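A.B. asks: The residues making up each chain are set out below.
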Amino acid sequence: MAKELKLPELGENIESADVLNVLVKVGDKIETDQSVIEIETDKATIEVPSNFTGIITGLKIKPGDKVKPGQTILTVDESGKRAENTKESVAQEEKIPETKEKAQPKGKQEKTTADKPAGEKKIIEMKLPELGENIEAADILSVLVKKGDNVEKDQSILEIETDKATIEVPATVGGKVIEVLIKEGSKAKVGQPILKIESSESIYQKDKKTESVKEVTKPEPTEEEVRQKGEVKSFLPGEIDNQPPITRGAAPAAPSVRKLARELGVNINKVTGSGPAGRISMDDVKAYVKKLNLESVSVSGVGIKQEALPDFSKFGSITHEPMNKIRIVTAEHLGYAWTTIPHVTQFDKADITLLEQARKAYNPKVEKAGGKLTVTSILIKVIAAGLKAFPKFNSSIDMEKKEIIYKKYYNVGIAVDTDHGLIVPVVKNVDKKNLTELSVEMGQLAEKARARKIGLDELQGACFTITNLGGIGGTSFTPIVNSPEVAILGVSRGSFEQVYIDKTFKPRLMLPLSLSYDHRIIDGADAARFLRWVSEALEQPMKILLEE
Amino acid sequence: MNKTQVVVIGGGPGGYAAAYLASDLSKQVTLVNLDKNPGGVCLYKGCIPSKALLHVAKLLNETEDAKKWGIEFAKPKIDLDKLRNWKNGIVDKLTGGVGLVGKQRKINFIQGKASFTSSSKLTIEKKDGETEELEFEKAIIATGSQIATIPSLDIKSKRVLNSTTALDLPAIPKSLLVIGGGYIGLELGSVYQALGSKVSVVEMTSGLLPGADRDLVNFLAKKIKEKYDKVMLNSKVTEMKEVKNGVSVKIEDKERKVTEEVYDYVLMSIGRKPDTSGLGLDKTSVKVNQRGWIVVNKQMQTDDPNIFAIGDIAGEPMLAHKASHEGRVAAEVIAGHKSAFDPLAIPAVVFTDPEIAWAGITENQAKEKGINYEVAKFPWAASGRALTLDRNDGVTKLIVDPESQRLLGIGICGPGAGELIAEGVLAIEMGANLTDLKLTIHPHPTLSETIMEASEAFFGQSTHMYKPKRK
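If you read the protein sequences in the order shown, they are chains A and B.
In terms of the working numbering, the first sequence has 31 at position 31, counting the first letter as 1, and numbering is strictly consecutive.
If you want the working numbering, it's the 1-based position in the second sequence plus 1000.
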C-alpha cells in the first residue's frame, strides 16, 4: 500500500525548514524510525525519521528545498504492512458545526423544577454576570454580604473593578446567603459562581406559578415523536434559535469593518474600539494590525531606523557570506532582548577554593558514570536551588496583560559554543536530578549540540541561562538576558587572588560571576542578594542542602 | 466528460445568487435546476406568489375598513382565473428575468436533477431524458427544503392543500381549516379569509407564531380572532378523512377532548424540512446532522473540501435572504476571498395583517439566555402616521444592552413592519446605540419615526409619549 511520509510538526513557531541532505533514494528499503532527510530549522539541524517500513517509490524534495510541516517528503510502498492512517485532518478550526442542532425541547428546565417535591427550598448559585464588551474578569474589591445575610433581589452584593470601571453587582434573586464563594482581593471570571443563595418564599411562589402554567400546556412531544409525525416544530419561523451570535458578545463593528479584519487575519474581538461603547472602526483595525506588525518587527530594534552601510570595498577587499539560520535567529533574538529588556549586570566573586578541591576529588566517580564534574554542572544545581529561593528569577513578564508568570519547574539553559554558532541546550527538571546525573546529561547535550544532532525539545523551556566563558578567559562580561527569561549568569575564569582572611592574605581561588537581569521585574537589591546567595552556595555547599 | 469550474445544484434564491456571483468573479459556472428557470420555491411557490395574493387580501380588507371612513364599496366580484393568471404572470416575469440575467452571464444552465458520483463528479438526469456526466472543481448544494408532512394525516385528497397547491387557488372554500399556526399557515389563511372563506386555525402550542415575542404577536392574534372563525390553540389534528363535500377532521384539545367537524378544504402548513436523499452524498464526504441538515462551517464548506452547501439545506433559519447571502459567501470563498457568513442579525418577517418582523435578539431569547437587557417600546397608537392609516394596532420595540446602550434586537408589529425592519438590521450590524437612532432624523409623518421615538423612550424622552425613565 502506498503511503506518503509527511514532514512532522517541528515545534512552536517553526513554519518551515531547509533540506540539507536526503539520506535515502528511490528503491531503498527503509524501516520505521530510520532517518530519511536532514533539515535545518531556525534552531537546529534535525534528522527526520520515517513512520513507515517499505520501499521508497518517490522522493518529493531535494537538498536546498524549503519544506513545511505537513508537506510530503516521499512516498513509500508499504505492501503487506499495517495501514497507517495518514489522512490529514483538514483544518478544523472554523468547521465546528454551529449550534444548529439545538433541538432541545423548550421548557425542559422548568419541568425539572416542577418535578421537585413541594416545599423544598431552592438553592441558587449566583454567577458573576456579563460585565460588558471584552471584559472577562474583574477584581473583587469588596463583598458586601456575608454568610447568613438576607439579601433582596437587586441589592448590591459585590463591588468589583474592571479595567473600565468600578461596578456594583446586584443580587439576581432574594434570599439567604448560605455561602460566599469568592474572596475580596481575588479575581473572578464572568460566569464564575460567587454566592449560594437559598431563595426566599416569594421566589418559590413565583416558581410555583410557572409550574401551574406548565400544567395547562401540554407536554412537549419528544424529538422522536416529532420526527415520526414529521411535525418538527422548529421549522416554524418563530424558532429563532439560529439567529446570529450577537448574543455572544459580538464586537460592535460594521460588516465592512468585520470584513476588513477577516481579510487582514485579525480577530475582531481583540481589536479595541475607539468609538462610543467600544465601537470598532476601520482605523481601529488598521491601528491594531500596525501594532501587531511593530511588535513582530521590533526584533531588529524597536522603531530604530537602520543606517545604511558604507561601501566597505572602498576601503579594502571584502567577501560576502550569507548568515546561516542560527546566526540570523541569534541576531534577531538578542537584538529583541537587548531592545526590550532594560539590562543591569551585577558582579560578584565566589571563593571556590574548597569547591575546586571537592570537584577534583569527586570527578573520577562522575567520570565513571560517563560525565564530567564541572563548575558549570555544579552551577546548574546551585542555580536551580537559587530559583527556588528567589522565585522572581524564575518568572517571565507579559507586558500586554501586565502579568508576571511564575514557573514551578526548574530548567536551566547552558550556552554552548559550537562551530556553527551559539546554541543553548536545556537541562530539564534540575531540581529532581543529582549532580552526577546532571553532569552526564550536560556532557551529552553539549556533545549533541556540537554535532548538530540536538532535538528541538532539548532547546526549549529554559527558565534561566548560564554562560560560562571561563574556559577561554576574561575577568567579567555583561551577558544578554535570554528573553523571555529574566536573568542570565555569566561565568569568567577563576584565578587565585590574595584574600584577607584571619588577619592575613591567603591565596584563594576566586570565580568572577556576572549576573545580568531584567530590571523591569528584578530590583537591584534582589539581584545583589541572589548573586550573593549563589556565591555563598558555591563557598558553602551545605547552604543548598539546608535550604532545599 | 464535460467539465465545469463551479456547479451549483438548485436554482433558488440561494443557488442563483451563488452561481451569478461566482460567474461575476470569473468562474465558469454550471447551474442545475429542476425548473425551466431559476427561482426555486421562493419565486415559484413561496414568497413571491403568496405576496401577490396577500396584496389582494390587503386591498379587500381595506375596502371593508373603508366603511368606517364613509366609503362603501359593493361586494367584490372575484374572478379566480384572472387572479390566478395575474399571479402566475408575476412568477413568469420574475423567473424569466432571473433566467435572462443568467444567460447574459453565459451561465451553463441545465434543467435536470443532479446526483454526486464522487467528490468531483456528478450525473445529471436531464429534463429531456438524457443523462449527462459532469466533472467539477467545486460544487455548491442549494437544493432547499421540502414541505413537511404528517404521515398519519397524509390522505390523498384534492381538498387537502399544502403551501404549493393553496397558491394555485383551486377554489374559494366555504370553510378552510389551517393546520399549523406558523407564518405559512397564517399568511395563506388570511388570503383565503379575505377572499371570503370561513377560516379556522389549529395550533399545537399555546400561541400563534411560536417563538416570537408575545407582545408583537398579540395584535395579530386579536385581529385573527376577530376575522377567523375559530382559533384552536394547544390542539392537534388526530384524524382526517375525505367525506362528501369536504374533509372530516378530528381535533383533540388540551383536555384531550376530541371534536369532529367537516371543512370544505384543509391547508396543511406545518413547516418545511431538509431533504438530502437522491443527492448521492454517500459518494462524498459531506456530513448531514441528525436533523437532516448538511453540516457546514462559516465558509459554507461541508466536510468535503470541494463541496459547499447553502440555504435551507444548510440549516435554519430557512429564509430566502439568508440563503442568498450564504450563496454569495460560498461563491466568494471559491473565488479565493477571505469571506465568511457572520451576520449579527437575520430579519424574519411574517406578512400577515398586521405584519410582524424582528431581527437580532428577541426578548424571549434574552430572557432564556440570561442576557442583561432593557426594552424600549413605542406604541403605534401614538404615531400620527399610524392613525392616518387607521392602524393603531402596532408597536415598535427595541431590545437594548443597558450598559453600552447598543441595539441588540428589534421587533415590529404593524402594517409595513417588513419594510421598516431593515433599518433595525442595519443598526444592529453597525453596532449602533440608541443615541445614534435617536439623533438620526426620520421623515415625518412616517411609520419609521416609531424607531426613533422608541429610542427616545429608552431615555424617557419620547416626544409623543410621556413615560419618564424610572430611576
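If you're looking for bench data, these hints aren't it; they were derived computationally from the structure.
Watch out, some of these pointers could steer you wrong.
[To be verified] Below are the DSSO-like pairs computed for lysine-lysine, each with C-alpha atoms no more than 30 Å apart in a straight line:
| # | chain 1 | residue 1 | chain 2 | residue 2 |
| --- | --- | --- | --- | --- |
| 1 | B | Lys1367 | A | Lys270 |
| 2 | A | Lys122 | B | Lys1369 |
| 3 | B | Lys1377 | A | Lys153 |
| 4 | A | Lys189 | B | Lys1298 |
| 5 | A | Lys6 | B | Lys1223 |
| 6 | B | Lys1082 | A | Lys259 |
| 7 | A | Lys66 | B | Lys1338 |
| 8 | A | Lys286 | B | Lys1298 |
| 9 | B | Lys1254 | A | Lys259 |
| 10 | B | Lys1298 | A | Lys196 |
| 11 | B | Lys1377 | A | Lys290 |
| 12 | B | Lys1077 | A | Lys259 |
| 13 | A | Lys291 | B | Lys1338 |
| 14 | A | Lys68 | B | Lys1298 |
| 15 | B | Lys1369 | A | Lys153 |
| 16 | A | Lys183 | B | Lys1369 |
| 17 | A | Lys176 | B | Lys1121 |
| 18 | B | Lys1298 | A | Lys6 |
| 19 | A | Lys270 | B | Lys1377 |
| 20 | B | Lys1298 | A | Lys60 |
| 21 | B | Lys1338 | A | Lys187 |
Because the structure is a prediction, the values reported are computed rather than measured.
A.B. asks: Does each hint fit the structure? Answer for all of them.
C.D. replies: Here is how each hint holds up against the structure:
| no. | hint | in the structure |
| --- | --- | --- |
| 1 | B:Lys1367 to A:Lys270 | holds (27 Å) |
| 2 | A:Lys122 to B:Lys1369 | holds (20 Å) |
| 3 | B:Lys1377 to A:Lys153 | holds (25 Å) |
| 4 | A:Lys189 to B:Lys1298 | holds (28 Å) |
| 5 | A:Lys6 to B:Lys1223 | violated (68 Å) |
| 6 | B:Lys1082 to A:Lys259 | violated (48 Å) |
| 7 | A:Lys66 to B:Lys1338 | holds (26 Å) |
| 8 | A:Lys286 to B:Lys1298 | holds (24 Å) |
| 9 | B:Lys1254 to A:Lys259 | violated (50 Å) |
| 10 | B:Lys1298 to A:Lys196 | violated (39 Å) |
| 11 | B:Lys1377 to A:Lys290 | violated (43 Å) |
| 12 | B:Lys1077 to A:Lys259 | violated (54 Å) |
| 13 | A:Lys291 to B:Lys1338 | holds (22 Å) |
| 14 | A:Lys68 to B:Lys1298 | holds (26 Å) |
| 15 | B:Lys1369 to A:Lys153 | holds (19 Å) |
| 16 | A:Lys183 to B:Lys1369 | holds (27 Å) |
| 17 | A:Lys176 to B:Lys1121 | violated (67 Å) |
| 18 | B:Lys1298 to A:Lys6 | holds (28 Å) |
| 19 | A:Lys270 to B:Lys1377 | violated (33 Å) |
| 20 | B:Lys1298 to A:Lys60 | violated (34 Å) |
| 21 | B:Lys1338 to A:Lys187 | violated (38 Å) |
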